[in-house]
Amino acid sequence: MECKIVSLHSTHEPPLLEVKNLVKQFGNLTANDHINLHIQGSRIHALLGENGAGKSTLVKMVYGALQPTSGEILWQGERVIVDSPARARELGIGMVFQHFSLFEALTVAENISLALPANLREGNLEQRISELSHDYGLTLQPDALVADLSVGQRQRIEIVRCLLQQPRLLIMDEPTAVLTPQEAQSLFTTLQRLTSEGCAVLYISHRLEEVKQICHGATILRHGKIVASVDPQIETAASLAQMMVGAEVHAVSHGTVAASGQPLIIAEQFSQAADTPFGVDLKAVNLQVRAGEILAIAGVAGNGQSELFAALSGEQTNNKPQAINMCGQACGHLGITQRRRIGAAFIPEERMGHSAVANFSLSDNIILSRHSLRDNHDQQSLVGRSGTINYTLARDINMHIGKVYDVRKGQPDPEAGSLSGGNLQKFVMGRELDRRPKVLVVNQPTWGVDAGAAALIRQALIDLARSGSALIVISQDLDEIFELADQIAVISRGYLSPAQPAQSLSAEQIGLLMAGAHETSTQAQTL
Amino acid sequence: MSAKIILEKRHNASPMMRYLSPLLAIGLTVIAGGLIFLAMGQPPLKALYLYFIDPLTSIWSLQELVVKASPLILIGCGLAVAFRANIWNIGAEGQLLIGALFGSSIPILFGDWQSPLALVCMLLLGALGGALFGAIPALLKNRFRVNEILTSLMLVYVAQLLLDWMVRGPWRDPHGYNFPKSVSFEGWHQLPIIIGNGRVHMGIILVILAVVILYWMMTKTIKGFEIRVIGGAPRAGAFAGFSQTRMVWFCLLLSGALAGLAGIIEVAGPVGQLQPSISPNYGFTAIIVAFLGRLNSIGVMMAGLLLAVSYLGGEGVQIELGISDKTTHVFQGMLLFFILMCDTLIYYRLRLLSSMPKLTQGGSLP
Amino acid sequence: MTGLEAFVLTVITASTPFLLAAIGELVVERSGVLNLGVEGMMVMGAVCGFGAAHLTGSPWLGVLAAILAGAAMALLFGFLTQILITNQVATGLSITLLGLGLSGLIGSNLVGLPGEKMQPLNVFGLNEMPILGTLVFGQDPLVYISILLTLGVAYFLYRTRAGLIVRAVGQSHQSAHSLGYKVIAVRLSCIVFGGCCAGLAGAYLSLSYTPQWIENMTAGRGWIALALVVFSTWMPGRLAIGAYLFGTVWILGLYAQAWGIGIPSQFLSSLPYLATIVALILISTNRRLSVVNTPASLGQGFVPDR
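Chains as they are written, first to last, in my numbering: chain A, 1 to 527; chain B, 1 to 366; chain C, 1 to 306.
Keep in mind that the hints were calculated from the coordinates and are not lab data.
Treat the hints with care, as some may be off.
[As the list claims (entries may be wrong)] Computed, partial: chain A to chain C, Cβ under 8 Å:
| hint | residue |
| --- | --- |
| 1 | A65 |
| 2 | E110 |
| 3 | L120 |
| 4 | G123 |
| 5 | C327 |
| 6 | A330 |
[Said to hold, decoys possible] Capping the alpha-carbon separation at 25 Å, the derived lysine to aspartate or glutamate pairs in DMTMM-like fashion look like this:
| hint | chain 1 | residue 1 | chain 2 | residue 2 |
| --- | --- | --- | --- | --- |
| 7 | C | K182 | A | E90 |
| 8 | A | K409 | A | D396 |
| 9 | A | K225 | A | E415 |
| 10 | B | K223 | A | E415 |
| 11 | B | K220 | A | E90 |
| 12 | A | K212 | A | D173 |
| 13 | B | K46 | B | E315 |
| 14 | A | K283 | A | D231 |
| 15 | C | K182 | B | E8 |
| 16 | C | K182 | A | E104 |
Here the structure is a predicted model, which means the values were calculated and not measured.
C-beta: ideal position from N, C-alpha, C; glycine also.
Given these sequences and hints, build the entire structure.
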């Protein structure tokens, strides 16, 4: 692979895109603070940074989805005001969002048509979609309903939509976050084909290896400011990471695994039909987690993770008691409260509106998952016999958790919605971990959480396991999975692969499993 | 350079606006009402005085106010609980009528049974009837996922027709000269008057009891917490282990029972017999009462008194100025409209925005 | 005229207000807005249509007034729910309560006055044709308008770009916004269209069905229209079938009373309301159909981030 130092002003031609002193404020938060950026044609430029560093804000301004507070944007040397995405597309800027703006009940062609300007919609759009997607190796059925497509296929719609406009600059926001490693590789091939045709790519990521693999230049953001512009080819993953995080990367200490504890979570041939038409059916799931062990479940989003979480937590009950066993008790038929009473705890993926109520105070949010349990410390109960709530106790527990789990908040008992993602997750973790549960099931523990809080949360999870609890961690983040897991299983279209020791698996093997390599064998078993 | 007003979401809901908003809405209703009177060629100030102040100036009308407010408060505080849980029972009018029918079965079928127990039975049957009628939309929602708004409303028409048939048919007073009325309720089939020889009856005690109990339930107990969670964040409700299905039952049975109780109180109190029309849309007006009262039973009590004024005021302007008493429903409709409008200010603030983008360097915002 | 022909004729007249009100609400809901104010807009259309026709002597000016009245009520609803982002359920209720109150007040001097009946057409002069003459060619203009509107809405939703945008906005306002579509403007237009249709439905009642003003003369038809939209799973063709089914039920009740088959009239009058509930139960058994077609953002307010 070629390796040369990038000089930003080596050509006389103005850069394709230049951003000067761009500032974006949301209330009193400065999301982008005097950002400067140059992008040349035929190159893939990376925008690196932690969650919340301001990458998405920056590209949304370039794409016209947000308006800058101050500063200017130059396109091919001329100052432009990108006041809408339509204007951006006119200029030749296309964008593939991290969360696709697709319409589930419309077809692929309808979705693409909605995003195209009038002059590009003429003629036989369906045919052009087929041709173009075939050209770039992005197979798509123009008349398929989006609701029936996988995440990877949905991303293809977005890419094809952008390509139909023959963009000069393509912005991609965390494109591989939802792909299997193999799908990611084929995406890279498409991107290289594009740059060979003269198109520039602005590539947002926090995955260092792939940035090193495909990008020609990189700009690193931290807390809304540019900290460095580097050539990723000559940097190491470690040096990039350090620039991103701003300090030595937190290493999580793993400790030793207890030899063989009691199995505390068992699911045997657990099947459950989805309760919504677009949901995923769980098919003959088998798993077993011993005391002291962490089972990590990898998989691409939307392959049954939330259904599995609902089944394990008891939000969705099953009529077969034996289907799930926790702490030695058959509990397939038990609801979430009863499962909590036998020593289990659960942390869903979504914080707002699922594990916490945004407009409730933190102490009210304590009551949410602990109303039917006795407090660990002095065996007091949050709800008395007559059904009255002991608010004083709730406030005490909140203060205790705030201290132990380092929840940063402006006042002692604010509304949950006023906390940052990381702090709210620490609060939610604290609320559950403080009970010292024997069993913990957590979905995406560090999703949207800053690096510092993520390290703290992962350490807390490992500590809990080492103290003799059994944990299931569902995650789409492979780094996190390797950091936490003793055993790894992969979920794909509702099938769960048999768990294997973490050391024995490589990222590539997991990638194959994510793409469904185990489904046929599991299916064979169930027959 | 032009300027426009935009809404900006507040960081935290404004507690002050939560209580200011109803006052603002009342103010706007009075102003709009004055304009309507003006448009009708009436002296607006005099009409507004007659409408809003006059009913508060005599002992008789104050008693009448309490009598009119009772069913509104009773139904309103039940609806407030249901609306809090995001369960839209808008069929309280029908539940009221069925409650009245159930309760009236004692005086009509067992006219000779004169005992305090008969009255208690009437009240219990009234609540039972309302609850059973409320159970129909609950069953349909839980079993078939049919929207409760439409079913509860359709049942209002059914209840009206059922009542109409009963008082013209099987339950018509045989000695009533063919008028569509039941026998008049006498003795223990009527709610005792509690103030001298006035109009205020024992129902008011039940109303106060309901307000206090529901206030306690909503603020102090886990049931109230459950209602707030399910209404505000249903998935968090599932995470907390609260059952949406049971909540649907609870809310529709409770609000139905209270509406049914209001129904039997009306016929055993001020009306005194069954007739085709026993409620001037109390069940619908109570929806306004619930919203104006901030979905909180103490607030509902105050809102109920205010809406009772609108009934008396409507009658007042009709007698004094010859204006149609339909003004009552106009005022009520406007009030709900304005309260919803003003409630926006709880979650958003108005900001004047100039159309020029600001290019100042990093100015700080409050 | 044969008995059957007369029956079909009355079914058509009873079905038309359902169809008019429901086809408007279908478009509103397709754009992701739930307007429970149909009954209020309809009753305002009825009283204003009757009043204007009475004053001017022209039923067509009455129709125009009814459309404007429905649109004005819809604009109020749109202003609150789209600009001030109020709760759509509560705001719709307030429109219904306000409409019922205002119509009573406006109409208090119109009760008992003779109305201006809209004259049936004689399309191509084929009215006199035997058998189907009157049925096909001799209807009231609003009947033809209701059918044309239904066809037009079907064409609009599935064959035009604007219709695609409406469906997209109803599916996900966030996505539509990020593609640069003006969610609030699209929704406001749909809301006003719905108001016009509801007003027209009201005009049909007070200018054609029973050419006079009776308080609360909509008698829950607006609510039944709302149920019809659910029943149709948001598809115009099914909506038309549903509207005619309900018109038939409505008329069967009246006929049964006239035949005097010994069932109390109140029971027969309650048939349409009970039929509505039964219809909602029946349609709920096919969940995939409802879920796939339900506009995903139905009833949710949209606040653009700035």
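How the hints compare with the structure:
Because the beta carbon of A65 (chain A) sits about 6 Å from the nearest beta carbon in chain C, less than 8 Å, this interface hint is met. For E110 (chain A), the shortest C-beta to C-beta distance to chain C is roughly 6 Å, which falls under 8 Å, so the interface hint holds. The interface hint given for L120 (chain A) is broken, as the beta carbon of that residue sits about 13 Å from the closest beta carbon of chain C, more than 8 Å. The restraint placing G123 (chain A) at the interface with chain C is violated, with a minimum CB-CB distance near 15 Å, outside the 8 Å limit.
Here the hint on C327 (chain A) is broken, as its CB sits about 36 Å from the closest CB of chain C, past 8 Å. Using the Cβ-Cβ criterion of 8 Å, the hint placing A330 (chain A) at the interface with chain C is not satisfied: the shortest such distance is roughly 31 Å. At most 25 Å may separate the alpha-carbon atoms for a hinted pair to count; K182 (chain C) and E90 (chain A) meet this at roughly 18 Å. For the proposed pair K409 (chain A) and D396 (chain A), the alpha carbon gap of about 15 Å is at most 25 Å, so the pair holds.
As the CA atoms of K225 (chain A) and E415 (chain A) are separated by approximately 29 Å, the hinted pair breaks the 25 Å bound. Using a Cα cut-off of 25 Å, the hinted pair K223 (chain B) and E415 (chain A) holds, with the two alpha carbons roughly 21 Å apart. Between K220 (chain B) and E90 (chain A) the CA atoms are separated by roughly 59 Å; this puts the pair beyond 25 Å, and the hint is violated. Distance restraint check for K212 (chain A) and D173 (chain A): the Cα-Cα separation of roughly 17 Å lies within the 25 Å cut-off, and the hinted pair is therefore satisfied.
Straight-line distance between C-alpha atoms of K46 (chain B) and E315 (chain B) comes to about 15 Å, which keeps the hinted pair within the 25 Å bound. For the given pair, K283 (chain A) sits about 47 Å from D231 (chain A) by alpha-carbon distance, which is inconsistent with the 25 Å threshold. Proposed proximity of K182 (chain C) and E8 (chain B) is supported: the alpha carbons are some 18 Å apart, at most 25 Å. A hinted pair counts as satisfied when its Cα atoms are at most 25 Å apart, and K182 (chain C) with E104 (chain A) qualifies at roughly 19 Å.
Violated hints for the displayed structure, listed by number in ascending order: 3, 4, 5, 6, 9, 11, 14.
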